[in-house]
Amino acid sequence: MYVGALELDVLFGDVGSLKRKRSLVRPLLAELRRRHEVAVAEAGHLDLHRRALIGVSCVAPDAGHVIEVLDQCERMVAARPELELLSARQRIIGPHDE
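Just so we're aligned: the sequence shown equals residues 8 to 105 in the working numbering.
Derived from the structure by calculation, the hints contain no laboratory data.
It should be emphasised that the depicted structure is a prediction, and the values quoted were computed from it without experimental measurement.
Some clues are possibly wrong.
Each computed EDC-like pair below joins lysine to aspartate or glutamate, with the alpha-carbon atoms no more than 16 Å apart [what the hints assert, rightly or not]:
#1 Lys-28 / Glu-89
#2 Lys-28 / Glu-44
#3 Lys-26 / Glu-49
#4 Lys-28 / Asp-69
#5 Lys-28 / Asp-16
#6 Lys-26 / Asp-54
#7 Lys-28 / Asp-54
Pairwise CB distance ranges, derived in the manner of DEER restraints [unchecked claim]:
#8 Pro-68 / Lys-26: 16 to 26 Å
#9 Glu-91 / Ala-37: 12 to 22 Å
#10 Leu-92 / Lys-26: 21 to 31 Å
#11 Asp-21 / Gly-101: 39 to 49 Å
#12 Asp-54 / Ala-86: 22 to 32 Å
#13 Glu-44 / Arg-87: 15 to 25 Å
Note that beta-carbon positions come from the ideal geometry of N, C-alpha and C, so glycine has one too.
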């Protein structure tokens, strides 16, 4: 079994309130869940209007599939016009990791 985690640090454009930020983050999280069958949550920068740290995780029997799914999630977020992807970091944990 392999577990993959993806951290996406994103910057939103003209967002002046947490309510507006939530209105952008919620549909993004829902689309990631629906399209890629991953677990996803807003995991950081909760008090900032224009930033969000999005965490994505995936479990699969082989590392190649985990990497493919996380790469697709990263590309989907990077392609969104309402935000800028500042950084993305992947981690894979496999059966030989302790």
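Broken hints, by number: Violated hints: 2, 4, 8; rest satisfied.
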